[in-house]
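Asks: These are the residues of each chain, in order.
2 protein chains.
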Amino acid sequence: MNIKIKNANQLISQTCTSITPLDDSLLNAAQARLDILTKPQGSLGRLEEFAKRMVAITGNLMPEVPRKAVFTFAGDHGVTEEAVSLYPREVTPQMVLNFIHGGAGINVLARQAGAEVVVVDIGVDHDFADAPGLRGMKVVRGTRNMRKEPALTREEAEQCIAVGISLATEYADQGYGLFGTGDMGIGNTTPSAAIAALLTGKSVASVTGRGTGIGDEALRNKITVIQDAIEINRPDPSDPIDVLAKVGGAEIGGIAGLCLGAASRGIPVVVDGFISTAGALIAATLAPKVTDYTFAAHRSVEVGHQAMLDRLNLEPVLDLGLRLGEGTGAALAMMLLDSGLRIYREMATFESAGVSEKND
Amino acid sequence: MNIKIKNANQLISQTCTSITPLDDSLLNAAQARLDILTKPQGSLGRLEEFAKRMVAITGNLMPEVPRKAVFTFAGDHGVTEEAVSLYPREVTPQMVLNFIHGGAGINVLARQAGAEVVVVDIGVDHDFADAPGLRGMKVVRGTRNMRKEPALTREEAEQCIAVGISLATEYADQGYGLFGTGDMGIGNTTPSAAIAALLTGKSVASVTGRGTGIGDEALRNKITVIQDAIEINRPDPSDPIDVLAKVGGAEIGGIAGLCLGAASRGIPVVVDGFISTAGALIAATLAPKVTDYTFAAHRSVEVGHQAMLDRLNLEPVLDLGLRLGEGTGAALAMMLLDSGLRIYREMATFESAGVSEKND
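First to last, the protein sequences are chains A and B.
The opening position of the first sequence corresponds to residue 1 in my numbering, with each subsequent residue numbered one higher.
The opening position of the second sequence corresponds to residue 1 in my numbering, with each subsequent residue numbered one higher.
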């Protein structure tokens with residue numbers, strides 16, 4: 001039984017309109033506090049930026065170090081028929097089981113960061129029955145092959161976004177204060193590159209990379225497949241739901257929804273790498289203010305990532321040559337957002353520590 | 001009473017000669033393990049590099065997540081007479097007290113990283129008596145003004161390096177497995193820039209920055225002061241102890257010694273920012289193999305840092321616009337070295353998780 005969220009279209013538009021810009025007075029108040037801590041002004045660089053933004057996003061002048069969850073959305077892709085990936089399609093469900101057993105990269109790094117991993121089946125072509133630890137929110141059993149037809153119907157695409165919004169709401173209600181995004185889906189750099197091309201205006205060739213590590217010939221094929229998919233489906237770049245439906249994927253829609261839902265609830269969201277950023281780009285095209293609430297976790301080695309980061313005007317926290325996905329970069333970056341918040345909360349002031357201020 | 005380590009010169013040369021190159025077979029064995037974990041090969045980028053190097057440095061194919069200590073060496077500088085800093089000289093002892101009371105940036109970030117902060121008075125111009133939590137290993141009460149005379153005698157410079165070696169040995173014997181370096185000393189970007197110029201061959205102007213935040217006029221003065229100090233003292237760039245003595249500082253010598261001592265004991269050392277890298281550069285000029293054991297924590301905004309990183313052939317872990325020192329960047333980078341090691345130790349293999357490997 002697939003999930004069916006009622007009035008998904010209405011939920012999406014209401015969520016988008018409820019996202020407000022950050023309050024500059026909170027950013028300024030946070031900087032004023034940072035400037036009385038025992039360090040030269042501005043000397044903690046981006047840690048100070050992280051703290052300030054967390055204050056403004058949460059609307060709280062002294063936010064607690066937040067409870068954290070990384071949402072790893074899993075889905076399959078019909079386009080794997082076109083030999084775009086190095087790995088067989090059955091790896092998607094196998095890795096989902098690895099996630100719920102705690103053995104994957106995201107499990108290891110989320111444990112270190114103190115984050116829960118929420119594994120979401122939003123579009124895997126496998127029946128997990130009631131596997132413990134898995135959130136069964138399946139919208140489709142894999143997308144259709146976008147080289148032949150739209151990957152999703154518009155209704156399915158809306159359902160995927162609504163799933164992400166619902167999860168954000170659920171975890172916000174439980175008191176979580178920091179979200180990370182993650183993905184699993186053999187073949188999913190292909191739809192992500194298609195989205196990158198359409199929403200940044202760059203050529204397909206310039207935003208298509210090697211994914212899990214394909215060679216030169218397979219890369220040429222992948223570019224052709226994406227060009228064909230765009231040619232055949234003619235997605236409208238001014239309509240991000242149309243883009244998501246025609247050349248996207250279920251997990252990308254879930255990520256887009258999570259970003260929108262987080263922003264609408266005043267919760268910062270750490271966007272992982274290439275696939276997650278494609279989701280964030282869908283979200284930011286629907287509701288531009290969403291980027292006020294997002295942090296880019298890291299700069300992926302996947303070539304099209306930078307174009308999307310530029311379009312979103314986000315500077316990544318980390319640059320570690322990662323290209324795994326799952327939310328691994330998001331878990332790592334969460335530790336550094338915590339660092340910023342801890343600095344803000346815990347450092348002594350010049351006055352309390354009896355340290356002289358600078359000469360004027 | 002100042003510290004006096006016997007036969008410091010001999011201790012330094014024995015330590016240098018006991019540093020061995022890394023064993024390639026260990027690097028290869030570690031990569032072989034990384035390649036059977038459930039992820040595309042190489043997809044965790046620099047985390048894999050960190051794990052491999054930790055294996056080769058420790059000589060242990062399955063190293064534990066290590067006990068950690070950040071050593072924050074504090075010293076004063078006679079050159080502050082020349083108005084090279086924005087802050088008054090008394091801030092050095094005030095900040096030392098802030099460190100031992102737990103209120104400084106390094107305390108906050110070391111707590112997060114699970115690292116102990118070892119605060120070392122190696123050259124502060126203040127009598128701390130027996131302040132609890134402070135390692136009293138004072139070699140000098142501040143350096144002399146290097147614009148007028150050598151900052152340290154050769155014997156004092158050797159004592160400073162020997163202090164760092166002794167601390168490395170002491171903490172290695174206690175079972176610590178990862179060291180970080182840190183510094184505190186009003187005025188200490190001035191000697192660090194002098195060391196950078198002499199040991200990289202770059203011009204003084206190109207490696208001298210704004211430190212805690214001086215303006216244009218003060219920066220021009222700082223460059224002149226450093227040029228004068230080099231002119232007057234004529235340090236020999238092929239003799240790093242001569243460089244340390246004539247235009248260096250006590251804390252920089254302590255950091256150099258810590259790097260040497262760590263490498264001689266097979267302990268990885270995370271080098272913080274500009275001042276720490278000047279210390280590491282002294283160490284690497286004495287014993288080039290020391291860089292096999294060092295990780296550059298972050299890319300400082302201080303302009304001369306990159307030239308030293310290039311000379312050491314080290315790529316920083318982080319790039320967060322930091323310029324605080326104290327070991328703050330080292331504490332942050334330690335968390336990411338742990339991430340690499342945890343990935344290496346904790347991830348499931350393709351076989352154990354029942355995940356299909358890539359198509360050939």
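Derived from the structure by calculation, the hints contain no laboratory data.
Any given hint might turn out to be false.
To be verified - In silico DSSO-like links for lysine-lysine, alpha-carbon gap of 30 Å or less:
1. K358(A) to K148(B)
2. K148(B) to K289(B)
3. K202(B) to K148(A)
Stated by the list, open to error - Pulled a few chain A residues facing chain B out of the computed Cβ check, cut under 10 Å:
4. P63
5. S166
6. T224
7. Q306
8. R342
Unchecked claim - Covered stretches of chain A (chain B as the covering partner; in silico rule of three or more C-beta atoms under 8 Å from a C-beta of chain B):
9. 40-46
10. 344-350
Using N, Cα and C, we set each Cβ at its ideal position, and we do this for glycine too.
Asks: Against this structure, judge whether each hint is valid.
Replies: Going through the hints against the structure:
1. For the suggested pair K358(A) and K148(B), the alpha carbons sit about 25 Å apart, so the restraint of at most 30 Å is met.
2. The straight-line distance between the Cα atoms of K148(B) and K289(B) is roughly 34 Å, outside the 30 Å bound, and the hint therefore fails.
3. Taken as a hint, the K202(B) and K148(A) pair is broken in the structure, with Cα atoms around 60 Å apart against an allowance of 30 Å.
4. Residue-level restraint check for P63(A) is violated (minimum Cβ-Cβ distance to chain B is 15 Å; threshold 10 Å).
5. For S166(A), the shortest C-beta to C-beta distance to chain B is roughly 29 Å, which exceeds 10 Å, and the interface hint is violated.
6. Because the beta carbon of T224(A) sits about 19 Å from the nearest beta carbon in chain B, more than 10 Å, this interface hint is broken.
7. Interface hint at Q306(A): violated, since its Cβ lies 15 Å from the closest Cβ of chain B, which is beyond the 10 Å cut-off.
8. Of the supplied interface hints, the one on R342(A) holds, with its beta-carbon coming within about 5 Å of a beta-carbon of chain B, less than 10 Å.
9. Given a C-beta distance limit of less than 8 Å, the hint that chain B covers the segment 40-46 of chain A holds, as 7 residues qualify and 3 suffice.
10. Only residues whose beta carbon comes within less than 8 Å of a beta carbon in chain B count, and the segment 344-350 of chain A has 3; three or more means the coverage holds.
Hints 2, 3, 4, 5, 6, 7 from the earlier list are contradicted by this structure; the remaining hints agree with it.
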